[in-house]
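Enquirer: What follows is each chain in one-letter form.
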Amino acid sequence: MVFVLAGTGVLALSLVVLFILKEAIPAFVKVGKEFFTSVYWYPTSSPPEFGMLAMIVGTLLLTVTSSAVLIPLGYVVAFFLHTYAKNLEKDLIRTVVEFLAGTPSVIIGTFILVYVSPILINFGIWSPQNFLLATVGLILAALPYSVSLSLEALDSVDVSLEESALALGATKFATTLRVTTRAALPGVLNAFVLTINRVVGETIIVLMVGGGAAIIPRSLFDPVRPLTAAIASEMGEVAVGSLHYHALFAAGLILLSVSLFLTGLSRYLSRRAQP
Amino acid sequence: MKRDLVLSQVFRIVSYVVFSIILLMFVLVILGGIRYFSVSFFTEYPKNNMREGGIFPAILGSFYLMVLTFIVAVPLGVFTGVFLSEWENFFTKWIDVSLTSLSGIPSIVYGLFGLAFFCVALGFGTSMLAAALTLSLMTLPVIASATKETLKAIPVELREAAYALGATKIEVIFKVLIPAAKRGIVTAVLVGGGRALGETAPVLLTGAVFYSTFLPRSVFSPVMTLPTHIYYIMMAYGEKAQWMARATAALLLIVVAIIYSLAFYLRRREHGRSH
Numbered sequence: 001m002v003f004v005l006a007g008t009g010v011l012a013l014s015l016v017v018l019f020i021l022k023e024a025i026p027a028f029v030k031v032g033k034e035f036f037t038s039v040y041w042y043p044t045s046s047p048p049e050f051g052m053l054a055m056i057v058g059t060l061l062l063t064v065t066s067s068a069v070l071i072p073l074g075y076v077v078a079f080f081l082h083t084y085a086k087n088l089e090k091d092l093i094r095t096v097v098e099f100l101a102g103t104p105s106v107i108i109g110t111f112i113l114v115y116v117s118p119i120l121i122n123f124g125i126w127s128p129q130n131f132l133l134a135t136v137g138l139i140l141a142a143l144p145y146s147v148s149l150s151l152e153a154l155d156s157v158d159v160s161l162e163e164s165a166l167a168l169g170a171t172k173f174a175t176t177l178r179v180t181t182r183a184a185l186p187g188v189l190n191a192f193v194l195t196i197n198r199v200v201g202e203t204i205i206v207l208m209v210g211g212g213a214a215i216i217p218r219s220l221f222d223p224v225r226p227l228t229a230a231i232a233s234e235m236g237e238v239a240v241g242s243l244h245y246h247a248l249f250a251a252g253l254i255l256l257s258v259s260l261f262l263t264g265l266s267r268y269l270s271r272r273a274q275p
Numbered sequence: 001m002k003r004d005l006v007l008s009q010v011f012r013i014v015s016y017v018v019f020s021i022i023l024l025m026f027v028l029v030i031l032g033g034i035r036y037f038s039v040s041f042f043t044e045y046p047k048n049n050m051r052e053g054g055i056f057p058a059i060l061g062s063f064y065l066m067v068l069t070f071i072v073a074v075p076l077g078v079f080t081g082v083f084l085s086e087w088e089n090f091f092t093k094w095i096d097v098s099l100t101s102l103s104g105i106p107s108i109v110y111g112l113f114g115l116a117f118f119c120v121a122l123g124f125g126t127s128m129l130a131a132a133l134t135l136s137l138m139t140l141p142v143i144a145s146a147t148k149e150t151l152k153a154i155p156v157e158l159r160e161a162a163y164a165l166g167a168t169k170i171e172v173i174f175k176v177l178i179p180a181a182k183r184g185i186v187t188a189v190l191v192g193g194g195r196a197l198g199e200t201a202p203v204l205l206t207g208a209v210f211y212s213t214f215l216p217r218s219v220f221s222p223v224m225t226l227p228t229h230i231y232y233i234m235m236a237y238g239e240k241a242q243w244m245a246r247a248t249a250a251l252l253l254i255v256v257a258i259i260y261s262l263a264f265y266l267r268r269r270e271h272g273r274s275h
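Chain order of the listed sequences is L and H. Note that our numbering gives residue 177 to position 177 of the first sequence, counting from 1, and the numbers run on in steps of one. Note that our numbering gives residue 207 to position 207 of the second sequence, counting from 1, and the numbers run on in steps of one.
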């Protein structure tokens, strides 16, 4: 019986891939390459148009900008906790970061709308939902992954390696940067990959604070609508089996492929991490 | 050496800024909502366009959904973890790869799958059952991998002693290993439950109802939950309803924080014992 129950994981993954694929294919057949080349997403007008380029670019831009902050920031905090922090400091900061990891994204979204968005008005920015706020939300949501996983990688390095470097006269900074990080490189890279995966898949925050328009954002204060937000907000209104329904599954297929690729990469890296 | 001192302070400041921002968010969300708590907030239905009343159906809905998710996810997750730790064959690797892949899939893609498979293909419709099954699949990898880690950490002598006494493999698993790993498994279940409780996107697609004047009568009824309730109010209602979103967010954050505190406490005791 244990065998059968344990097989659920394999069955579940096959079913997920199968059903997303099955529901996405009709859209690819009918819409064709317009999906990736057109920025016109008007699924409800007649004739409807299904160009997802603006949303794909939205996802891409959001991922790049928030990762550009997240990855260095997470590494710096992990660096501090590993190298300089006293035990009490380390416990305290790590616990708060872990609580943040458990905070539902709808709460982060609400926090930004209620407390952060009004601040922008003081700077003459009147759009209460925009690209910048979405980036801030994504940073809050994914920072715990970046910090905890980088820290775990740094902490897993053999202490004797660090002690040898310190004994040779290297500073603590040089030791962590040149010796520990190098030894833990696959683990640190793995932390980055999983952080990016978290950012790409985040839905509710970008839906709540990104604004609604499916345009390619040209400034930080333009609205943005990534693939995840489009699926969550439009799925409630479409008829099952319509072309719009299938098109949203096609968006899901893109997200699924990206996440499978990134987890594959992460698996490869974490295998390299174990000697 | 001087550079080391300066950098350590810079890194310390960055870490404390991050720490303060996270803490500030928790404090603002909780204090901003807790002042609206009253008896009627917990016992009444929302009234007058969400401007008055309470969130009783959402509290109950989240509770039901949690229970249903646990009924499915806990046995599946624990058995999968047992299998991964105690058996070693061709099948183990497949399950391991599947679980890693499942753990990286974005929640919105689970929502799409739940909609296509549970709601449409199996004909459950928009229901509590479909939402619970979708959430179970998302929690499965969390529980399974933590169970596996806990079991692997049990000293091999314990197994050998049990086998030497003539116990069968099944007896060893159920009478020796699972009791010994109890605390680790409970921690994993709490972490998985905390995450499922806060999920918005998959529930939105598979089982959520905007507003209901009656409680779910069976597992086939749609359900109101705390996170979807916050989401709907923030997105579709004006200023006068915002208090309810703030109060619900505070409640949800408090419940999640309690669940996680319990999990961290158990994990600390577990580690304290083994080191």
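Everything labelled a hint here was simulated from the structure, so no lab data went into it. Among these hints, one or two may not hold up.
[Claimed, not checked] Listed next, the in silico DSSO-like pairs over lysine-lysine satisfying Cα-Cα at most 30 Å (straight line):
(1) H:K93 - H:K152
(2) H:K93 - H:K175
(3) H:K169 - H:K93
(4) H:K47 - L:K90
(5) H:K182 - H:K169
(6) L:K172 - L:K90
(7) L:K90 - H:K175
(8) H:K182 - H:K93
(9) L:K22 - L:K33
(10) H:K93 - H:K47
(11) H:K2 - L:K86
(12) H:K182 - L:K22
(13) H:K240 - H:K47
(14) H:K152 - L:K90
(15) H:K152 - H:K169
(16) H:K152 - H:K175
(17) L:K30 - L:K86
(18) L:K172 - H:K93
Enquirer: Against each hint, give a clear statement of whether it holds in the structure.
Expert: Quick rundown of the hints versus the structure:
no., hint, result
1, H:K93 - H:K152, "holds, 16 Å"
2, H:K93 - H:K175, "holds, 26 Å"
3, H:K169 - H:K93, "holds, 20 Å"
4, H:K47 - L:K90, "violated, 46 Å"
5, H:K182 - H:K169, "holds, 18 Å"
6, L:K172 - L:K90, "holds, 17 Å"
7, L:K90 - H:K175, "violated, 38 Å"
8, H:K182 - H:K93, "holds, 25 Å"
9, L:K22 - L:K33, "holds, 18 Å"
10, H:K93 - H:K47, "violated, 53 Å"
11, H:K2 - L:K86, "holds, 20 Å"
12, H:K182 - L:K22, "violated, 41 Å"
13, H:K240 - H:K47, "holds, 12 Å"
14, H:K152 - L:K90, "holds, 27 Å"
15, H:K152 - H:K169, "holds, 15 Å"
16, H:K152 - H:K175, "holds, 16 Å"
17, L:K30 - L:K86, "violated, 61 Å"
18, L:K172 - H:K93, "violated, 40 Å"
Of the numbered hints stated above, those contradicted by the structure are hints 4, 7, 10, 12, 17 and 18, listed in ascending order.
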